[in-house]
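Participant: Those protein sequences? They're chains F and X, same order as listed. If you read the first sequence in our numbering, its first letter stands for residue 2, the second for the next number, and so on. If you read the second sequence in our numbering, its first letter stands for residue 6, the second for the next number, and so on.
Take these hints with a grain of salt, some might be off.
Each computed DSS-like pair below joins lysine-lysine, with the alpha-carbon atoms no more than 30 Å apart [unchecked claim]: (1) X:K282 with F:K227; (2) F:K154 with X:K355; (3) F:K154 with F:K249; (4) F:K185 with F:K163; (5) F:K227 with X:K163; (6) F:K117 with X:K168; (7) X:K155 with F:K227; (8) F:K56 with F:K117; (9) F:K256 with X:K181; (10) X:K57 with F:K227; (11) F:K324 with F:K249; (12) F:K249 with X:K168; (13) F:K256 with X:K227; (14) X:K199 with X:K386; (15) X:K341 with F:K392; (16) F:K227 with X:K178; (17) X:K341 with F:K312; (18) X:K178 with F:K256; (19) F:K257 with X:K227; (20) F:K324 with X:K163; (21) F:K163 with X:K238; (22) X:K155 with F:K257; (23) X:K355 with F:K312; (24) X:K150 with F:K154.
Rather than coming from a laboratory, the hints here were simulated on the basis of the structure.
Residue strings, one per chain:
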Amino acid sequence: MLETGLILRALARNKIGALLIALQIALTMTIMVNAIFMIQDRQQQMQRKSGLDEKNSFYLTNTVFGQDYNIQAHLQTDLHTIRNTPGVVDAIQINAIPLSSSGWSMALQHEPGEDKDAVGTAIYMVDDHAINSMGLTLVAGANFQPEDVELRKEGQSTWPAKTIITQAFAENLYPDNWQSAVGKTVYISQTQPIQIIGIVAALQAPWNGWNGVERSMLVPFQRESKGSYYFIRTEAGRRDELMPIIEKTLAESDKKRIIRRVTTIEDTRERSYRQHNATNKILTTVVITLTLITGFGIVGLAIFSINRRTKQIGTRRALGATKGQIMRYFMMENFIISTFGIIIGCFGAVALNMWLVNTFNLSPISFQLVAFGVITLFIVGQLAVLYPARKAAMIAPATATRTI
Amino acid sequence: MFSYYLRLAWISILRHWGLSLLMICAIGLGIGAAMTTITVNYLMSANPIPEKSAQLYYVQLDSWDVNDPFDDGLNPPDQLTYTDSTNLMLAKQAFRQNVQTQAFGVIEPEDPEMLPLIVNGRANSADFFPMFNVPFIYGSGWSNKSDESKEFVVVLSKATNDKLFGGADSVGKSIKLEGNMLRVVGVIDNWQPKPRFYDITTGAFNDSEDVFVPFHLIADEKISRSGNTNCWKPSGDGFQAFLASECIWTQFWVELKTEQDKADYQQFLNAYVQEQKQFGRFQRPLDNRLSHVMQWLESQEVVADDAQMMMAMSLMFLLVCLLNTVGLLLAKFLGKAPEIGLRQALGASKRTLFSQYIIESACIGILGGLLGLTLAFIGLKSVESLYGDYMKGLASLDTNMAISAVVLALVSTILAGLYPTWRACNIQPAQQLKSQ
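Could you put the whole structure together from the sequences, leaning on the hints where they help?
Facilitator: This is the structure we're talking about:
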């Protein structure tokens, strides 16, 4: 186009001004692309399913302090009471709560021995009611039978003979065919054999930041311990009504223990991802403010450059340039500056991402995201310059004849 | 002259109020964002015990699996086995030494009307209190002698003492913790090191404990422990087997007065590990470390990745805001070319012009700084409410930070104003006058 040469010559006379806008666009692009990338990364993490019936489940802690307390007998009474409360689907004693950030982990290996490779997993000690209580889906094999459930003494080092694992864990152990895991014997605690009898679709570990968060195993243990959790699932919509009832029933049935932290799984999830949520909100604010600042900066500078060039614009109009041509001039000018800035911005975005990858173990950004940044900034630039350009187009040709 | 320039600047700011507002907002937002994240980082990386942080050392010994080293062999394990910390404790080779773990339990108040209390505890040695300069309102910590004779004593936090004894001097009274009668020997004043350096394995920014009890209560199974346990070798059944196992769950601190003491202690540790190698333990190459408080906090990466990332982002954000300001100032000053030309023709020197425009930039800088300070304050409040407990006490603006915010704004705006001012001073008066 003819005008391009004209614009470039005009820009060359005000290099610094143009360069400043270009740099600003470049930095905005760098930050925007990486911030959106981090937001998406966190959102994906938050969308992973825990495997639980989150809406209708809650848990509480049971802390025994009385001396000479028959933990085992009380456990059975408690479970019986909770399970028979109207509205309760099922309940179990468990050693850790998914997403709660504290729990137990062990490793499983294909062959026994000290120097063999092992895969880490979260351990949930539960009984045969676990699948029903947690709302898990059994996708292969079978559930535990009541006779599989053993009593675990404090400090016991041996493990039960059977386990149920998650599908993700089965895929990790048997990459060729995860379903073949059913019936296989693997080794826990380096040397103890344990047989996989079932596979559940999903059940997350307690630690959401762990890269093995989808790997969990259930073992049929009831613990003889002074501190434990009860995990309770209710009929749809009855959770909030049942929480205080069960807390009260348990607390009043026995004064030698404390019932605390009656918490819904939804709250646990919220707390677990609170940092993610907070960071995302802050990053979103940063991206929006940054875009606004850059946009307004472009508006301010364009208005100024138009004010300075009022006479020239008037002259051009007097010489026959249409309003459309004047507008196009400024839109084109912005387009050229933006292109320059965006090209630098692409490099900047990738460079910042590389630094983030190296320093904080983030994954590399996708091409689509960079493309998105490019398009957004072109649009922002054009929108920002629209108002000043219209103002320029309104300058009357007669201005050319006047002095300031 | 200064006040005259100030007035001129004010008039100029008001005349182009839209542009000035845009610049003030840009600087304000940039400073606000930068100060918010800098404050969080600053508080996260603060020295929690500046008076003696270089004399307190955290001990690490590489007792881990030879086939599968801890942390891929980069760092030795972050805690010690019970066996090792008891041995080091008995050796008494440091000026002060402290073995500790996290504990929990239930206190049953004497008053039957009061509900039992679940408390977070710390089981530690007598040296814990003098070592970490723990402040007391009543009494003091227990003595090394009391540790040796395994006395049942306890130190309460102020909050626990308030709950149990209504804040009165409870020294000499007893409390029932997990069925054990423990004699109160001291009550700690408000004490909340940030980061909670003495135990970062259970959360560097957690609250300090409700009660402090002697470590022997753990070994004798009087009180249950909590905190992290990490094992690489299966152990046998029962608690005694657990104590004798290769599981790591204790933390060990020493106080060493001089560099020489530190060198001696390092030598002692190496000799200890060599000796243990004869029993088939410590099969990894010798890697025993003594890290002083700040080294330890740094190696454990106490400052959250998120906080560092945010700081990098916000500094770039500030840069964008400054570029914006440079552009706008340039436009504004060049827009005044006719005025500048006139003033020069009437005899104004470059120097006077320079000071006039720099003062104008500085005014915008100060206004931006004040706005930034307000935004940083709001920013920190929202960081605190968004992150909840995690950021508690880590998001407050102190005077130092407030002053730095305004200074940062001022300096960066003056820097941003330099180039536009220089351009403005170099305007040719003749040309400007001609065109009029």
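Participant: Confirm or reject each hint.
Facilitator: Hint check results:
{"no.": "1", "hint": "X:K282 with F:K227", "result": "37 Å, violated"}
{"no.": "2", "hint": "F:K154 with X:K355", "result": "88 Å, violated"}
{"no.": "3", "hint": "F:K154 with F:K249", "result": "28 Å, holds"}
{"no.": "4", "hint": "F:K185 with F:K163", "result": "10 Å, holds"}
{"no.": "5", "hint": "F:K227 with X:K163", "result": "27 Å, holds"}
{"no.": "6", "hint": "F:K117 with X:K168", "result": "53 Å, violated"}
{"no.": "7", "hint": "X:K155 with F:K227", "result": "24 Å, holds"}
{"no.": "8", "hint": "F:K56 with F:K117", "result": "41 Å, violated"}
{"no.": "9", "hint": "F:K256 with X:K181", "result": "16 Å, holds"}
{"no.": "10", "hint": "X:K57 with F:K227", "result": "40 Å, violated"}
{"no.": "11", "hint": "F:K324 with F:K249", "result": "78 Å, violated"}
{"no.": "12", "hint": "F:K249 with X:K168", "result": "24 Å, holds"}
{"no.": "13", "hint": "F:K256 with X:K227", "result": "21 Å, holds"}
{"no.": "14", "hint": "X:K199 with X:K386", "result": "18 Å, holds"}
{"no.": "15", "hint": "X:K341 with F:K392", "result": "21 Å, holds"}
{"no.": "16", "hint": "F:K227 with X:K178", "result": "27 Å, holds"}
{"no.": "17", "hint": "X:K341 with F:K312", "result": "16 Å, holds"}
{"no.": "18", "hint": "X:K178 with F:K256", "result": "25 Å, holds"}
{"no.": "19", "hint": "F:K257 with X:K227", "result": "17 Å, holds"}
{"no.": "20", "hint": "F:K324 with X:K163", "result": "77 Å, violated"}
{"no.": "21", "hint": "F:K163 with X:K238", "result": "22 Å, holds"}
{"no.": "22", "hint": "X:K155 with F:K257", "result": "28 Å, holds"}
{"no.": "23", "hint": "X:K355 with F:K312", "result": "28 Å, holds"}
{"no.": "24", "hint": "X:K150 with F:K154", "result": "35 Å, violated"}
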